[in-house]
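As given, the protein sequences belong to chains A and B, one line each in that order.
Each residue of the first sequence is one higher than the last, beginning at 144 in the working numbering.
Each residue of the second sequence is one higher than the last, beginning at 144 in the working numbering.
Any given hint might turn out to be false.
To be verified - Straight-line alpha carbon distances no greater than 16 Å define the calculated EDC-like cross-link-like pairs of lysine to aspartate or glutamate that follow:
#, chain 1, residue 1, chain 2, residue 2
1, A, K233, A, D648
2, A, K486, A, E241
3, A, K593, B, E531
4, B, K488, B, E547
5, B, K388, B, D231
6, B, K593, A, E531
Claimed, not checked - Per the computed footprint, the stretches of chain B lying under chain A, defined by three or more beta-carbons under 8 Å from a beta-carbon of chain A, are:
#, segment
7, 411-417
8, 451-458
9, 462-468
10, 525-533
11, 558-572
12, 580-589
Read the hints as simulated data drawn from the structure, not as lab findings.
All of these numbers come straight from a predicted model, not from anything done at the bench.
Heads up, the beta-carbon is just placed ideally off N, CA and C, and yes, glycines get one too.
Number of protein chains: 2
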Amino acid sequence: MAVSQIGSYFVGQIGVRSPNSCSYDLLGLCAAKLLQESGLDVRVLEARDRVGGRTYTKRDPSYGYVDLGGSYVGPTQDRILRLAKELDLKTYVVDMGEKAVLYFEGVRQTTSDTGMYLAQLNNPLGMLDSNNIFRKTQNLAQQVPLAAPWNAPRAKEWDIMTVQEFINNECWTSSFTCNSDFVFNLLFYDLSTTGWPGVIYKVWCSPHSAAKPTRSPYCITCFTWLLGEGERRVTSATNGAQERKIVGGAMQVSEKIAALLGDRVVLSSPVLRIDQEDTVAIVTTHSGQQYRAKYVISSVPLPVLHRILFEPPLPAMKLQLVQRMAMGCIIKTNTYYRTAFWKEKGFSGEALSDIGPVSYCVDDTKPDGSHPAITGFILAGHARDVCEMSPEERKQAVCEYYAEVFQCPEFLHPVNYVEQNWMADPFSGGCFVATLGPGVLTSFGRAIRKPFGKVYFAGTETAVKWNGYMDGAVESGERAAREVLHAMGKISEDQIWQEEPPSPDVPHTPFEDDPLEKILPSVPQFLYILLALLVLLLSVLWVYLF
Amino acid sequence: MAVSQIGSYFVGQIGVRSPNSCSYDLLGLCAAKLLQESGLDVRVLEARDRVGGRTYTKRDPSYGYVDLGGSYVGPTQDRILRLAKELDLKTYVVDMGEKAVLYFEGVRQTTSDTGMYLAQLNNPLGMLDSNNIFRKTQNLAQQVPLAAPWNAPRAKEWDIMTVQEFINNECWTSSFTCNSDFVFNLLFYDLSTTGWPGVIYKVWCSPHSAAKPTRSPYCITCFTWLLGEGERRVTSATNGAQERKIVGGAMQVSEKIAALLGDRVVLSSPVLRIDQEDTVAIVTTHSGQQYRAKYVISSVPLPVLHRILFEPPLPAMKLQLVQRMAMGCIIKTNTYYRTAFWKEKGFSGEALSDIGPVSYCVDDTKPDGSHPAITGFILAGHARDVCEMSPEERKQAVCEYYAEVFQCPEFLHPVNYVEQNWMADPFSGGCFVATLGPGVLTSFGRAIRKPFGKVYFAGTETAVKWNGYMDGAVESGERAAREVLHAMGKISEDQIWQEEPPSPDVPHTPFEDDPLEKILPSVPQFLYILLALLVLLLSVLWVYLF
Chain A
144 MAVSQIGSYF
154 VGQIGVRSPN
164 SCSYDLLGLC
174 AAKLLQESGL
184 DVRVLEARDR
194 VGGRTYTKRD
204 PSYGYVDLGG
214 SYVGPTQDRI
224 LRLAKELDLK
234 TYVVDMGEKA
244 VLYFEGVRQT
254 TSDTGMYLAQ
264 LNNPLGMLDS
274 NNIFRKTQNL
284 AQQVPLAAPW
294 NAPRAKEWDI
304 MTVQEFINNE
314 CWTSSFTCNS
324 DFVFNLLFYD
334 LSTTGWPGVI
344 YKVWCSPHSA
354 AKPTRSPYCI
364 TCFTWLLGEG
374 ERRVTSATNG
384 AQERKIVGGA
394 MQVSEKIAAL
404 LGDRVVLSSP
414 VLRIDQEDTV
424 AIVTTHSGQQ
434 YRAKYVISSV
444 PLPVLHRILF
454 EPPLPAMKLQ
464 LVQRMAMGCI
474 IKTNTYYRTA
484 FWKEKGFSGE
494 ALSDIGPVSY
504 CVDDTKPDGS
514 HPAITGFILA
524 GHARDVCEMS
534 PEERKQAVCE
544 YYAEVFQCPE
554 FLHPVNYVEQ
564 NWMADPFSGG
574 CFVATLGPGV
584 LTSFGRAIRK
594 PFGKVYFAGT
604 ETAVKWNGYM
614 DGAVESGERA
624 AREVLHAMGK
634 ISEDQIWQEE
644 PPSPDVPHTP
654 FEDDPLEKIL
664 PSVPQFLYIL
674 LALLVLLLSV
684 LWVYLF
Chain B
144 MAVSQIGSYF
154 VGQIGVRSPN
164 SCSYDLLGLC
174 AAKLLQESGL
184 DVRVLEARDR
194 VGGRTYTKRD
204 PSYGYVDLGG
214 SYVGPTQDRI
224 LRLAKELDLK
234 TYVVDMGEKA
244 VLYFEGVRQT
254 TSDTGMYLAQ
264 LNNPLGMLDS
274 NNIFRKTQNL
284 AQQVPLAAPW
294 NAPRAKEWDI
304 MTVQEFINNE
314 CWTSSFTCNS
324 DFVFNLLFYD
334 LSTTGWPGVI
344 YKVWCSPHSA
354 AKPTRSPYCI
364 TCFTWLLGEG
374 ERRVTSATNG
384 AQERKIVGGA
394 MQVSEKIAAL
404 LGDRVVLSSP
414 VLRIDQEDTV
424 AIVTTHSGQQ
434 YRAKYVISSV
444 PLPVLHRILF
454 EPPLPAMKLQ
464 LVQRMAMGCI
474 IKTNTYYRTA
484 FWKEKGFSGE
494 ALSDIGPVSY
504 CVDDTKPDGS
514 HPAITGFILA
524 GHARDVCEMS
534 PEERKQAVCE
544 YYAEVFQCPE
554 FLHPVNYVEQ
564 NWMADPFSGG
574 CFVATLGPGV
584 LTSFGRAIRK
594 PFGKVYFAGT
604 ETAVKWNGYM
614 DGAVESGERA
624 AREVLHAMGK
634 ISEDQIWQEE
644 PPSPDVPHTP
654 FEDDPLEKIL
664 PSVPQFLYIL
674 LALLVLLLSV
684 LWVYLF
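Start from the sequences and build out the full structure, keeping to the hints where you can.
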């Protein structure tokens with residue numbers, strides 16, 4: 144029996160080898176690994192000449208290694224942590240440092256925690272607004288069933304209401320509305336979103352920002368992201384999604400599984416077509432090689448799935464869904480310096496700004512202090528602005544950005560620069576994850592994981608938890624593999640979805656609720672309280688005077 | 144010298160043969176025809192086993208022929224009219240009849256002109272609102288440069304403002320707002336639009352309709368459509384886009400060009416990849432056949448363009464644009480009856496309704512009275528609802544719809560039924576045209592016609608006039624062919640875009656302005672006038688009394 148996993152030519156980036164997950168290409172390899180461990184004969188067809196997909200660790204003696212794709216892991220991402228441990232990979236805690244820079248609308252300030260939005264707002268009413276909207280978002284998110292968000296009671300409404308509209312409806316002060324506008328301009332303008340929920344919240348906290356009204360992501364997407372682990376888990380470094388990186392680079396997860404699978408992984412084999420007959424699926428690659436399989440797992444990123452010609456053709460709903468998914472616009476850069484001089488000046492290397500081309504940057508010096516570097520993310524509109532530059536021109540623009548944001552001309556003299564322009568990557572179509580337009584989730588979302596004959600679909604975009612992360616990629620790959628095992632009668636239907644036990648090495652502790660956040664009134668409640676106090680005062684005065 | 148035109152496998156629907164235009168597949172053949180007439184050696188690679196793409200004329204002795212794809216032509220569509228005449232094809236005037244049915248929210252009424260929105264509104268203020276918004280839309284549209292709508296002064300704003308938001312801002316009465324809501328629910332819900340501007344305006348006119356707030360198309364798209372020829376040209380039958388059909392079917396345009404090109408048209412040859420070297424582009428088909436060409440014209444519909452693997456890869460902006468374009472959801476049906484009994488009952492066969500599955504239907508009896516039939520369009524959300532039914536089930540649902548809408552049980556007994564589910568069509572991805580999400584046009588639109596090396600891009604989606612129509616397909620195919628001629632030094636740059644002389648056989652007359660439409664005040668103007676009259680009256684009374 145052959146189980147073919149296909150990574151079509153556009154799956155290339157996803158990368159590991161075969162059906163690699165839609166993202167981070169872990170999926171394909173994870174599925175193949177699980178199936179092989181169950182005694183099946185698998186083949187992994189990888190479009191690129193490397194495994195790893197949207198994880199991409201580049202190596203060079205001058206800078207050691209750098210993750211130019213997916214990189215961070217953290218508590219509650221128990222699947223990727225389990226897999227990394229099994230493959231004998233170590234993680235290290237990222238040093239976020241102390242002093243980050245926020246630079247919006249020409250106003251520069253430093254802060255010890257860009258995540259502490261409450262502390263950033265210098266307007267007390269704005270603080271109430273901010274607190275209330277985060278609390279309300281969390282509460283509304285509880286109504287969304289993660290595995291089928293289209294069934295949420297208000298799904299249709301939330302699927303066409305942008306987060307900006309939600310904020311405009313809920314907020315009483317302009318300061319918070321302005322802040323939130325910036326998010327959309329920076330990350331979500333015209334839906335070329337990065338799909339990076341962590342940044343959404345981080346940028347919400349920036350006190351000095353404003354932007355023209357624009358499009359933003361849809362509430363239901365936001366709610367679904369947040370519901371998984373909660374806003375603080377998603378946005379935090381310590382105890383959150385950005386806590387750790389994998390020593391040696393995230394692509395090693397794929398490389399090590401590929402080594403286990405040996406010659407069952409076939410590189411540079413983009414899939415051309417999948418023909419399904421009664422008992423067999425025939426997978427043909429660009430070079431004409433054919434694989435006959437009882438089952439196929441596709442880990443091709445959904446926005447580029449129709450690169451594969453299906454015969455019979457894909458069902459209408461799946462064909463329409465994949466046309467309505469688009470990958471985000473991202474260029475990830477690493478700029479190297481002789482010394483980490485910014486630390487001597489008291490900067491952590493972290494900065495958020497609206498001046499572009501970089502939107503968010505963070506220190507990427509190795510834990511032992513070697514290869515001092517800053518990782519800079521060029522996102523959405525800024526990525527479009529510079530995507531036609533040469534890498535040399537982008538390097539210059541990035542260095543000028545650092546010099547300006549940190550007010551430090553030493554940044555103009557890097558010793559090295561590497562980048563990955565995911566926008567131009569034909570095998571993944573973009574990064575980090577796919578985004579959906581208005582109404583798409585509720586109208587077409589049901590088709591996302593639906594198998595088609597002998598073909599099953601993986602990809603971090605199909606994950607229920609940590610959707611869009613490496614952990615979601617592992618979840619989806621293993622789920623698809625268990626769907627195949629169920630179809631073969633080897634496991635029961637209720638074994639397809641499995642809970643993951645908590646990682647013993649990277650424990651997660653619940654975030655302590657700040658009692659203040661729970662009891663602080665919203666702006667209208669505050670005004671009612673004021674009014675009640677006024678009435679009370681007047682009553683007392685009335686009694687006292689008459 | 145070889146000029147290859149490619150119709151990738153997904154281009155199939157587009158249809159004619161080669162680079163066929165993105166839509167109506169005329170493009171590819173038109174380009175090939177023009178290039179061959181200029182003395183070049185061309186090859187047309189057509190993905191399907193037929194030419195014609197999104198025009199698709201099905202033939203059978205039981206019903207003669209039927210256009211299951213693009214069909215209508217009309218005055219000012221001078222390019223397709225010129226081409227049809229050159230190919231010795233005739234057109235006939237569609238008989239729209241007299242009595243159409245409007246059936247919304249359970250209220251059925253008949254009307255002599257579904258396009259006469261002014262006559263339909265039984266609320267005088269609503270009529271002022273309606274008149275004002277149509278007038279204002281036309282005026283704003285004048286600010287949009289057709290060839291580069293992203294350069295309009297308020298492009299960014301209009302590209303994220305939905306038509307619904309525009310109407311909500313501009314309208315004072317709920318009756319018109321309700322009417323317009325219906326459009327979005329029917330045609331544009333969650334952007335699964337049909338891209339059919341004619342219907343937008345037709346449905347705007349329906350007096351009894353309402354829908355939950357939802358997403359709608361973006362103003363700039365609407366303005367661009369309208370600017371081409373004006374709202375009445377787009378929506379009208381007589382003197383408008385729905386005036387005529389081609390005798391024998393629209394696909395004949397492609398078939399006749401294919402006959403002229405002979406064995407230069409290669410059917411069933413979906414393109415797999417395009418490799419560009421210094422002086423040559425190598426086009427490889429799925430079957431491994433290779434064509435070496437100096438230039439290539441792609442008429443693959445843009446939403447499915449990344450089915451072709453480009454080496455070097457497509458530029459970032461083009462790759463991102465095509466991910467953000469999606470084809471509409473449409474199932475076109477023709478139901479045949481023994482007699483045109485509806486005409487005996489005084490119905491034209493035209494109806495608009497919100498009950499589904501059909502949204503709009505119209506008589507399709509042949510001009511000689513043979514093969515009595517109703518054409519029914521199943522659109523957007525309704526198409527999603529029934530796309531997983533069997534054709535037999537859909538036939539039943541369509542007949543029940545006609546019986547209900549026309550209150551006439553004879554519709555339950557058809558003698559024949561044919562349909563084309565474009566939603567499931569892998570070569571075109573859908574119909575009629577591609578739609579764009581919020582902000583996409585201004586952010587990525589510039590890439591739409593931009594050549595990539597030796598590859599030029601056609602498709603009705605790239606047309607400046609009659610974008611989305613067969614005429615736009617011809618325009619884009621001929622423009623792309625002239626771009627190639629210019630690149631070869633055979634014509635100058637200013638010869639690329641050519642004005643088309645008016646068709647002598649299908650003359651267009653200007654629509655007469657109804658003076659009332661010009662002078663009727665808007666609702667606020669009307670209220671000001673009332674107020675002024677009141678002040679005047681009070682002044683007179685004051686003078687008279689004191």
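Now the hints, each set against the structure:
For the suggested pair K233 (chain A) and D648 (chain A), the alpha carbons sit about 10 Å apart, so the restraint of at most 16 Å is met. For the suggested pair K486 (chain A) and E241 (chain A), the alpha carbons sit about 9 Å apart, so the restraint of at most 16 Å is met. In summary, the hint linking K593 (chain A) to E531 (chain B) is supported, as the alpha carbons are separated by about 13 Å, within the 16 Å threshold. Between K488 (chain B) and E547 (chain B) the CA atoms are separated by roughly 15 Å; this keeps the pair inside 16 Å, and the hint holds.
Simply put, K388 (chain B) and D231 (chain B) have alpha-carbon atoms about 14 Å apart, close enough for the 16 Å limit, and the pair holds. Note on K593 (chain B) and E531 (chain A): the hinted pairing holds, with a Cα-Cα distance of about 13 Å set against a maximum of 16 Å. With a threshold of 8 Å between beta carbons, the proposed coverage of the segment 411-417 of chain B by chain A holds, since 3 of its residues qualify and at least three are required. As drawn, the segment 451-458 of chain B meets chain A at 5 residues by the rule of a beta-carbon pair under 8 Å; at three or more, the given contact holds.
Here's how the segment 462-468 of chain B fares: 5 of its residues keep a CB closer than 8 Å to some CB of chain A, so the rule of at least three is met and the hint holds. Counting residues of the segment 525-533 of chain B whose beta carbon lies closer than 8 Å to any beta carbon of chain A gives 3, which reaches the threshold of three, so the coverage claim holds. For the segment 558-572 of chain B, the stated coverage by chain A is satisfied: 6 residues place a CB nearer than 8 Å to a CB of that chain, which reaches the threshold of 3. Against chain A, the segment 580-589 of chain B contributes 7 residues with a C-beta closer than 8 Å to a partner C-beta. That satisfies the three-residue criterion, and the hint holds.
Of the numbered hints listed earlier, not one is contradicted by the structure.
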